[in-house]
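Colleague: Kindly produce the complete structure, drawing on both the sequences and the hints.
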Amino acid sequence: MAYNLFDTHCHLDFEVFDEDREEVVKRAYEQGVRSIFIPGTCRDTPRVRPQTMAGVQLFYAVGLHPYFIADHNNEDLDWVEQQLQEHAGYWVGEIGLDRTCPDWDQQCDLFVQQVELAVKYQRPVILHHRKSQSDLLHYLKPYLDDLPDQKGILHAFSGSPEQAQDWISKGFKLGVGGTITYSRAKKTRAALKDSPLDALVLETDAPDMPVCGYQGERNEPCHVADVIASLAELRDEDRDVIARQLWQTSCELIPLDADDDNATC
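Using numbering that gives the first Met the number 0, the letters of the sequence shown correspond one by one to residues 0 to 264.
For the record, the hints were derived by calculation from the structure and aren't laboratory data.
It cannot be assumed that every hint is accurate.
Claimed, not checked - Below, a list of computed lysine to any residue pairs in the SDA-like style, where the Cα atoms sit at most 25 Å apart:
id	residue 1	residue 2
1	K150	L136
2	K150	C107
3	K130	I68
4	K25	G212
5	K150	L196
6	K25	A53
7	K140	S159
8	K186	M208
9	K119	S159
10	K192	Q121
11	K185	I167
12	K119	R48
13	K25	Q50
14	K192	M208
15	K140	Q112
16	K192	A1
17	K150	L116
18	K140	K185
19	K185	R238
20	K150	S182
21	K192	S159
22	K150	I241
23	K185	Q244
24	K186	S168
25	K150	G212
26	K130	G215
27	K192	D207
Modeller: So, in structure tokens, the structure goes:
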């Protein structure tokens, strides 16, 4: 394979990968994956923190996901801050707002507190959204000028061309995942077809969000190859050209962990 791929959102630390994690990474490597970004979801999530596995570089973020809002507490926020103090390369994420989850007010409070940590430690953010893009923008607005120049990634972008442009204009990259492999996702496909290529990054959200043809199966980072194939077809552009640009964008965006002197992108 002539190009490298970067899965910028893969929950490789989830328990579902415990029995065959290294084999999963090997399969990804065989499909051209050379780097994987592992976001955080909660304090108690089993953490996989080697710098490399099966020839693939691993990068990390820490955050408290709205799905687990009932389990989060102030001690967890202290833990997130401690991790940011100890690891200069860690992002803040996966954080966000989800209209399908309970405790909306608590979600909003927790989101703002984590954005404030991102500002304090000058880290980009990984944003989760579900029926909440306007809410995210509302709560982010006071902090946009104080976040790093590279604001972060809107994970699993879905929405209109106008929404895509709004996020891009504010300095965020759009996470392109399995959604675009489904022809029924017309609005999102139209948005990603016309977005600047350097505003996009690839992701799988494995073990979730399986690509078309693998519904009901555990998703894996190897399927980032299916995502880029769909993106190239959608945009009617050469796959190698797209891959090189998205690799470059990801490497410029995602910082190395300062604890690892040998990490390269």
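Colleague: Determine for every hint whether it applies to the structure shown.
Modeller: Hints and how they fare:
{"no.": "1", "hint": "K150 x L136", "result": "holds, 13 Å"}
{"no.": "2", "hint": "K150 x C107", "result": "holds, 19 Å"}
{"no.": "3", "hint": "K130 x I68", "result": "holds, 17 Å"}
{"no.": "4", "hint": "K25 x G212", "result": "holds, 21 Å"}
{"no.": "5", "hint": "K150 x L196", "result": "holds, 17 Å"}
{"no.": "6", "hint": "K25 x A53", "result": "holds, 6 Å"}
{"no.": "7", "hint": "K140 x S159", "result": "holds, 20 Å"}
{"no.": "8", "hint": "K186 x M208", "result": "holds, 17 Å"}
{"no.": "9", "hint": "K119 x S159", "result": "violated, 32 Å"}
{"no.": "10", "hint": "K192 x Q121", "result": "violated, 31 Å"}
{"no.": "11", "hint": "K185 x I167", "result": "holds, 20 Å"}
{"no.": "12", "hint": "K119 x R48", "result": "holds, 24 Å"}
{"no.": "13", "hint": "K25 x Q50", "result": "holds, 15 Å"}
{"no.": "14", "hint": "K192 x M208", "result": "holds, 20 Å"}
{"no.": "15", "hint": "K140 x Q112", "result": "holds, 14 Å"}
{"no.": "16", "hint": "K192 x A1", "result": "holds, 23 Å"}
{"no.": "17", "hint": "K150 x L116", "result": "holds, 13 Å"}
{"no.": "18", "hint": "K140 x K185", "result": "violated, 29 Å"}
{"no.": "19", "hint": "K185 x R238", "result": "holds, 21 Å"}
{"no.": "20", "hint": "K150 x S182", "result": "violated, 30 Å"}
{"no.": "21", "hint": "K192 x S159", "result": "holds, 11 Å"}
{"no.": "22", "hint": "K150 x I241", "result": "holds, 22 Å"}
{"no.": "23", "hint": "K185 x Q244", "result": "holds, 24 Å"}
{"no.": "24", "hint": "K186 x S168", "result": "holds, 19 Å"}
{"no.": "25", "hint": "K150 x G212", "result": "violated, 33 Å"}
{"no.": "26", "hint": "K130 x G215", "result": "holds, 23 Å"}
{"no.": "27", "hint": "K192 x D207", "result": "holds, 23 Å"}
Against the hints set out earlier in the document, violations occur for numbers 9, 10, 18, 20 and 25.
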